[in-house]
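Asker: Residues per chain are reported as follows:
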Amino acid sequence: MKLTRREFSAGMAAGLAAPALMRSAWAQGATIKIGMCVPVTGPAAEQGLWAQNGAKLALAAVNKAGGVLGKQVELVIEDDQTTNPGIVLAFSKLAAQSDIVAFLGSIRSTQVQAMAPDVIKVGKPVMIGGTNPDLTHSGNPWLFRFRPNDNYSGRVIADFGVTTLGKKKWAIVHSTDAFGTAGGKALTEALTKLGAPPVLDQGYANQSQDFTPVVLAVKQSGADVLGTYFTFENDLGIFARQLRQLGVNIPWVGSPSVVAVSSTKLAGPALFGTYGVADFAEDSSDTAKAFGKAYRDAYKTAPDNQSAWPYDAITILSAAINKAGSTDPNKIRDAILATQKFAGAEGEYNFDKNGDGLHGYNVVKNDKGKIVYDKHIDFND
Amino acid sequence: MDLILQLLFTGIGIGAVYALVALGFVLIFRATNVVNFAQGEFSMVAAYLMVVCVELGLPYWLSFVIALAGMALLGVIFNLGVYYPLRHRTYLPVIIATIGASILLSNSVLAIYGPQPQVLQGWFDTPGIQLGPVYLDSQYLLIIGVTILLVLFNFWFFEKTLLGKKLQATSQDKEMASLLGISVSTMIMITFIYSAVLGGLAGILVAPVLFVSIQMGSTIALKAFAATIIGGFGDVAGAIVGGLALGVIETFGAAYISVPYKDGFAFLVLIAFLVFRPQGIFGERVAEKA
Chain A
0 MKLTRREFSA GMAAGLAAPA LMRSAWAQGA TIKIGMCVPV TGPAAEQGLW AQNGAKLALA
60 AVNKAGGVLG KQVELVIEDD QTTNPGIVLA FSKLAAQSDI VAFLGSIRST QVQAMAPDVI
120 KVGKPVMIGG TNPDLTHSGN PWLFRFRPND NYSGRVIADF GVTTLGKKKW AIVHSTDAFG
180 TAGGKALTEA LTKLGAPPVL DQGYANQSQD FTPVVLAVKQ SGADVLGTYF TFENDLGIFA
240 RQLRQLGVNI PWVGSPSVVA VSSTKLAGPA LFGTYGVADF AEDSSDTAKA FGKAYRDAYK
300 TAPDNQSAWP YDAITILSAA INKAGSTDPN KIRDAILATQ KFAGAEGEYN FDKNGDGLHG
360 YNVVKNDKGK IVYDKHIDFN D
Chain B
0 MDLILQLLFT GIGIGAVYAL VALGFVLIFR ATNVVNFAQG EFSMVAAYLM VVCVELGLPY
60 WLSFVIALAG MALLGVIFNL GVYYPLRHRT YLPVIIATIG ASILLSNSVL AIYGPQPQVL
120 QGWFDTPGIQ LGPVYLDSQY LLIIGVTILL VLFNFWFFEK TLLGKKLQAT SQDKEMASLL
180 GISVSTMIMI TFIYSAVLGG LAGILVAPVL FVSIQMGSTI ALKAFAATII GGFGDVAGAI
240 VGGLALGVIE TFGAAYISVP YKDGFAFLVL IAFLVFRPQG IFGERVAEKA
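Residue numbers (numbering that gives the first Met the number 0), protein chains in the order written: chain A, 0 to 380; chain B, 0 to 289.
The reader is advised that the hints may include incorrect statements.
Quick list of the computed label-pair ranges, beta carbon to beta carbon [said to hold, decoys possible]: (1) B:LEU162 / A:GLY246: 45 to 51 angstroms; (2) B:LEU130 / A:LYS120: 57 to 63 angstroms; (3) A:ASP296 / B:ALA236: 56 to 62 angstroms.
Covered stretches of chain B (chain A as the covering partner; in silico rule of three or more C-beta atoms under 8 angstroms from a C-beta of chain A) [stated by the list, open to error]: (4) 23-35; (5) 47-56; (6) 76-82; (7) 104-118; (8) 158-164; (9) 186-198.
It is worth saying that the hints were derived from the structure and are not from the lab. Note that the Cβ used here is the ideal one computed from N, Cα and C, for glycine as well.
Only chain A is shown next, with the shape it has when bound in the complex (with noise of 0.2 angstroms):
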C-alpha cells in the first residue's frame, strides 16, 4: 500500500490531534458541572449555608435519579463574601471555568445586580433568587428568578393587609439597598392602588445597631400598621425588640425575613403574631412538604426560602437541560422558559418571558414562635 501525502499529513494530524481531543473529551465527559455563587463567609454566610443544603439536596436526588444527560452532576461553589464585588470576583473565577453549563446565582437583588453584566457577557443561564422586579425586567436574557418578585410581595402584603386585616393606615420600613427600595416602592404602588397609601415611608440603613429613631418614626406616624421589608435578620430582631419595647404593637405584615428561620429564633417573643409573605411555606403543598421532611432528615433543622430556592433551582434546571438535550446556552433557556405547572418547594413554576418562574405568595403568621401557614395568593398578571 502507497501511502500518498495527503493520506500521510491527515494520519498525522490526527495522531497529534487525538491526545488532546481525548482529553477534551474526558474532560466534558467526567460530570455536568454548575457554578454556584453563595456567601460563604461575611453577614449572611448562615443563609449561604442552608443555600448550599438546598443545592445539595436536590443534587444527590437528581444524581440517584440517573443524573442529568447521562452524566452525574456536580455543585462547584464560589464564595460571593456577601458583598457586590465578592460576586462579580465569584461569578468571574467560575465563568472562567468552561465547563460549568449554567450557575446559581444570589439571593440577594443588589448582587444579582452587580454581576448581571457579566451575565449578559458570559451567555449562559443564571438561576436567581433576588426579588427585584428590574432584574428580570431589563433585558437581560439569561436571569431566571425562582422565587416570586417584589411586585407580587409588595401586592401580596397589601391585599392581606387592606383586604383580609382591614387596615388602611400604613407605615413602611425598609432597607435602603436595592431589594429593600424596590420593595418598598412596590408596596406604595399596591398599597395606593387599593386606596391607601402609606403615611410613612422609612429607609434605614443594613447593618444599623439601632433603630430608636425609626421605631419613634412609626410611632409618631400615628400608622395603625406596619409592612416591612428587611434584608438582614439581625437588623430586624433589633428593631422588632426595639419596636415592642417602645409599645408599638400594631399589626405587621414583612416581607419574608420576617418569618425567616433566624428571625424567629433571634427575636423571640418580639415576632410573636406577626404575618409575613414568604415563598416558601412547608404547609402549602405537597412538593414543599416533602422538601421539608427530606431537608429535616439531612441537617435535623427546619428549611426556610434561602434552602428552598436553590434545591428549586437545581431540579429545575436540571429537567431542563435533559429536555434540552444539551448543554447549549440557548437550547437550556428555551427548556427553562418552557416551564409549566411544575410543582417546586416554593410554589408552582410557570416561567413567562421574562424569567420569572413564580407569581404569588403564602401569607403566613408567627403563632407564638411557630411559623403557620394562612393562605397562598397568586396573581395571574
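Given the structure of chain A, go ahead and fit chain B onto it with the hints provided.
Answerer: Structure of chain B alone, referenced to chain A:
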C-alpha cells in the same frame, strides 16, 4: 420632649458601647504607639465565649468570669504572638499584624462556631423599665453604669496606684521608664491583657442588644475608632467623651435629619475633626517626636 429624652437615652447607651471599645484602642495606642485593629474582634470573641459557657449550663456570673479570664489569656497570647516579635520594628508592621490577627480571630470563630448569629440573654430578667414617657432598656442601663464605673476605675488606677503610674510612665517614654527600673515588656503585657478584657467586657455587654455574630466586633470597632479620633487619640477621657458624643450625634441625626444616613453623620463628624481639629477634643497639638 419625650422624644428627645428617649433618643438621648439610646444615644448615650450605644455611645457607651463605642466608648468601651474606644478605651481599649486608646490604652494600647498609649502603651505601644500602634492602633490595634483586632480590638473589635476581642469583643466578638468574648461574646462567643460567653455564649459557649451559657450553653454549657454554667451560671451567668461564672460564664462572665470565665469569658473575661479567657480574654485575659487572649491578651497574653496576642501580646506574645503579634506585638512582641515586632516590637523593635516601626509601627507599620505591627498594625498590619493586628489586621492579620483580626482576620484570623474572626475566621477561627467562623470555623469553630459556624456563621449562625446567636442569642445571649441579658444580665437582668426584666427587659427594661418604663420611666414616665421614656423606656429604659435594662441592658443599656447596665452598659451606661459599667462605663461610668470604668471611668472612675481608670482614673483611680492610672492616677493613684503605682502600677497605673508605671503604665503611664511606660506609655510616655519607654527608655526613661526602663532606666527607672520599670519592666517595659511586663507593662505592655499588662496593657494588652487589660485592653482585651475591656474589649471583651464591651462585647459581652452589647451582645444581648446586637446579638452575637462574627461581624459584631468590626461594626462597633469602626465607630469606636472614629470615637477615639474625635476624643483625641491616646486620651482616656477623650475616648469616653468621643464615644458618647458619636452615639448621641448619630441617633439625633438619624431621628431629625435622615435615618439611612445615620452612619454618615458619625463619619461626617470624624472628617470635620480630622480637618479642623485633628488632635481631637482632648488631644494636645504635638509636633513629631524628636
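Asker: Using C-beta distances, would you say chain A covers the region 104-118 of chain B, given that this needs three or more residues below 8 angstroms?
Answerer: Satisfied; 7 residues make the cut.
Asker: With a C-beta cutoff of 8 angstroms, work out whether three or more residues of the region 76-82 of chain B approach chain A closely enough for the coverage to hold.
Answerer: Not satisfied, violated; 0 residues make the cut.
Asker: How does the Cβ-Cβ distance of ASP296 of chain A and ALA236 of chain B compare with 56 to 62 angstroms: does it lie in that range?
Answerer: 59 angstroms, holds
Asker: Can you take a look at whether the region 23-35 of chain B is actually covered by chain A? Rule is 3+ residues, C-beta closer than 8 angstroms.
Answerer: violated (count 0)
Asker: At the C-beta level, are LEU162 of chain B and GLY246 of chain A separated by a distance inside 45 to 51 angstroms?
Answerer: 48 angstroms, holds
Asker: Holds or violated: the region 47-56 of chain B covered by chain A, criterion of 3 or more residues with Cβ-Cβ distance under 8 angstroms?
Answerer: violated (count 0)
Asker: Tell me whether the statement that chain A covers the region 186-198 of chain B is true, taking a Cβ distance below 8 angstroms and needing three residues at minimum.
Answerer: As far as the region 186-198 of chain B goes, the hint is violated, because 0 residues have Cβ atoms under 8 angstroms from chain A.
Asker: If I claimed the Cβ atoms of LEU130 of chain B and LYS120 of chain A lie 57 to 63 angstroms apart, would that claim hold in this structure?
Answerer: At roughly 60 angstroms between Cβ atoms, LYS120 of chain A and LEU130 of chain B fall inside 57 to 63 angstroms, so the hint holds.
Asker: Taking a Cβ-to-Cβ distance below 8 angstroms as contact, does the region 158-164 of chain B have at least three residues touching chain A?
Answerer: Violated - the region 158-164 of chain B has 0 residues with a Cβ nearer than 8 angstroms to chain A, which falls short of three.
The structure fails to meet hints 4, 5, 6, 8 and 9 from the earlier list, while all remaining hints are met.
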